[in-house]
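Those sequence lines, one after another, are chains Z and Y. FYI, the numbering for the first sequence is 62 to 146, going by our numbering. FYI, the numbering for the second sequence is -14 to 209, going by our numbering.
By construction, these hints were calculated from the structure, which means they are not laboratory data.
Just so you have them, the derived chain Z footprint on chain Y, three or more residues with Cβ under 8 Å: (1) 99 to 105; (2) 124 to 137; (3) 141 to 154; (4) 163 to 173; (5) 176 to 182.
Predicted, not measured: the structure shown is a model, and the values here were computed from it. Yeah, the Cβ is synthetic: ideal placement off N, Cα and C, and Gly gets one too.
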Amino acid sequence: MIINIALICLAVATVLTIIRLALGPNWGDRITAYDFLSVNFALLIVVFTIKTGFVAFLDIALLVSILGFLSTIALTRHLLNGKVL
Amino acid sequence: MMLLLSWGVAQHPNLSEDALASPEAASHETVESLSTSLATDAAAEASAPETSSETSSETLAAGDVETDGAENTANDTLTRHGAVSASEHNEASSEQHGERVGPPVVNTNLAEELLILFGSFFVLAAAIGMLRFPDFYTRLHASTKLVTLGGIGILIGAAFGFNDVQVSLRVILIIIFFFLTAPLSGYMIGRAGYLRGLPFYKEWGSIDEWQALGSGSAEPEATD
Chain Z
62 MIINIALICL AVATVLTIIR LALGPNWGDR ITAYDFLSVN FALLIVVFTI KTGFVAFLDI
122 ALLVSILGFL STIALTRHLL NGKVL
Chain Y
-14 MMLLLSWGVA QHPNLSEDAL ASPEAASHET VESLSTSLAT DAAAEASAPE TSSETSSETL
46 AAGDVETDGA ENTANDTLTR HGAVSASEHN EASSEQHGER VGPPVVNTNL AEELLILFGS
106 FFVLAAAIGM LRFPDFYTRL HASTKLVTLG GIGILIGAAF GFNDVQVSLR VILIIIFFFL
166 TAPLSGYMIG RAGYLRGLPF YKEWGSIDEW QALGSGSAEP EATD
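Using the sequences provided together with the hints, build the complete structure.
Following this line, the structure appears as structure tokens:
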């Protein structure tokens, strides 16, 4: 029951972040919303793991968080320096 | 194929004794049958060298069965019975190993559910702040509350809810990764936004202290 409430909260948070990602006036808002969305998706996968019981989803959560972090760093370095590495 | 079946018979510890009285004799017999089948295979290949691999394997199996039937019927039936019982036992053991196919039942206490509810409430609050704050920097401030409060609640609730060592180690790994990378990504986004000159929210009287101290960068060009 409480797990379902937590899933609903995370889904509403995802929808609000997608709205900010769509109508953010700057590129900074969009990168912030993207970083938020990757962490939010990882937490959603963790709560879904608690609901279903499949442990293998935790690896997917770790993978999603790693990909979100690396893409955030690549985007900011590209916007600041003009190159990634 | 016959060699693999007899290897499975010889390797299996819980073999029934009536099916195979003497494993040394059975292995000796299978080695003999294998050598004779190889000989027949070589003869077939010598007679028809342009046959494909499928036909050679078919002749191998046929020669195997024929030599088995011709050589010793008693040992042959013994080994076949042993092989069949071994395969049945292998299926039974694989079914025994496959009992954990379904998802394990997760028993969560009230404390863990309250931790998860705490975390999801802070995730929702951070998303509302993400939508409602007027500025890029304040939105960045709201997004860092996601990891430190929402993430710690949900992940610690998950770590205590499973009561398993592997799950707890993975969740602790995710916690360490979040707490190492979230301040770094927030710092990088804020630095890029300030150095590229994203505009402040002027109605609250915000002051650029870095420029007021005189040690800031050149005046930030208004992009976007």
